[in-house]
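Colleague: The task is simple: from the sequences and hints, build the whole structure.
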Amino acid sequence: MKWRAPGAFLVVAVLWGSSWILTPSLPEPSMLAGAARFAIAAVLLGAVAAASMMRNRGNRNRETVPWAPSIVLGLTLTGLPFALAVWAKDLVSAGVVAVLYAAMPLMALFFGWKVSDVPGKIPVMAVGLGGVALLAAQGIDYSARQLGGVLLLGAAVALGAFSLNYAKGRIRPGHILISCAIQCAAGSVLLLFLSGAEGIPSPANWSGASVASLSVLAAAEGVIAFPLLFWLLSRIEAWQAASLQWLTTLVAVAEAGMVLRAKPTLQMGSGAAIIVVALLWLMKSDEASADATGAVTLQITK
Numbered sequence: 000m001k002w003r004a005p006g007a008f009l010v011v012a013v014l015w016g017s018s019w020i021l022t023p024s025l026p027e028p029s030m031l032a033g034a035a036r037f038a039i040a041a042v043l044l045g046a047v048a049a050a051s052m053m054r055n056r057g058n059r060n061r062e063t064v065p066w067a068p069s070i071v072l073g074l075t076l077t078g079l080p081f082a083l084a085v086w087a088k089d090l091v092s093a094g095v096v097a098v099l100y101a102a103m104p105l106m107a108l109f110f111g112w113k114v115s116d117v118p119g120k121i122p123v124m125a126v127g128l129g130g131v132a133l134l135a136a137q138g139i140d141y142s143a144r145q146l147g148g149v150l151l152l153g154a155a156v157a158l159g160a161f162s163l164n165y166a167k168g169r170i171r172p173g174h175i176l177i178s179c180a181i182q183c184a185a186g187s188v189l190l191l192f193l194s195g196a197e198g199i200p201s202p203a204n205w206s207g208a209s210v211a212s213l214s215v216l217a218a219a220e221g222v223i224a225f226p227l228l229f230w231l232l233s234r235i236e237a238w239q240a241a242s243l244q245w246l247t248t249l250v251a252v253a254e255a256g257m258v259l260r261a262k263p264t265l266q267m268g269s270g271a272a273i274i275v276v277a278l279l280w281l282m283k284s285d286e287a288s289a290d291a292t293g294a295v296t297l298q299i300t301k
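Using numbering that gives the first Met the number 0, the letters of the sequence shown correspond one by one to residues 0 to 301.
Hints were generated in silico from the structure; no laboratory data involved.
No residue lacks a Cβ here, since even glycine has one placed at the ideal position from N, Cα and C.
Hints may contain errors.
Cβ pair distances, simulated, as ranges [claimed, not checked]:
1) 24 to 119: 40 to 48 angstroms
2) 257 to 211: 21 to 29 angstroms
3) 1 to 27: 40 to 48 angstroms
4) 261 to 171: 43 to 51 angstroms
5) 13 to 171: 20 to 28 angstroms
6) 24 to 283: 39 to 47 angstroms
7) 256 to 153: 25 to 33 angstroms
8) 154 to 275: 27 to 35 angstroms
9) 24 to 195: 19 to 27 angstroms
10) 254 to 140: 19 to 27 angstroms
11) 20 to 122: 28 to 36 angstroms
12) 261 to 142: 18 to 26 angstroms
Modeller: Below, the structure is given as structure tokens:
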């Protein structure tokens with residue numbers, strides 16, 4: 000197994016899972032801050048993409064930039080899921096958020112038009128989801144008043160699962176940077192529009208420190224993790240990429256435990272172990288499937 004794909008998988012999970020550290024210092028309102036964050040990422044990605052295109056300007060085999068798919072993904076993968084998460088954040092508990100996003104691999108599996116062995120993958124999806132539920136059990140609120148937030152987050156998860164399948168094959172490795180820049184720009188415009196539609200309140204806490212936190216988050220998640228996600232999609236299936244949600248939750252809980260010096264419970268340890276087993280199972284089952292079919296494709300387990 001080559002190290003690049005699992006290495007990129009781990010880097011994305013760590014960057015996503017570590018974002019909670021900067022979240023408390025971000026400015027308000029969240030929708031406007033999100034628009035600024037995506038705008039910063041779009042500018043940085045655009046600059047890197049422009050430099051890359053200048054180096055390759057002599058290449059006559061360049062393909063057309065995927066404007067339409069990039070704009071669609073800007074709405075379905077960045078803008079709308081972010082807005083739905085903002086609307087739902089005060090309506091659901093943190094544990095419920097983790098469990099709902101842990102269902103993304105299963106949803107991405109069903110959205111995959113070329114998947115012929117859905118029943119064979121369901122057990123590993125259930126195991127991974129159960130591991131996240133155990134890991135986040137202490138933060139789960141089972142009250143019915145969360146229904147509205149659950150529906151909003153369910154829509155965000157569905158959009159993410161759809162987008163991963165939609166992006167695969169449409170965003171090629173040579174256009175990842177420019178496509179990510181377009182997506183972030185489209186997401187920023189959408190969030191700015193939604194902020195205006197709600198009536199933009201007076202910005203709060205827009206200090207140098209909060210803007211710096213926003214910029215660091217934009218660089219980490221937008222400029223590094225986002226392109227890596229699309230690079231992974233060119234090598235693994237969409238439902239495999241969606242399993243990043245499991246590892247992201249594990250990273251976030253582990254980091255929070257270290258920062259707070261909290262001793263993990265047996266239930267949390269069991270959940271963490273189950274997540275690791277589910278990821279290894281997912282890799283092993285995919286490798287066995289590839290060997291059985293004789294396919295010569297670069298998977299995350301090879």
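Colleague: Quick check: which numbered hints come out false for this structure?
Modeller: Violated hints: none at all, because every hint is consistent with the structure.
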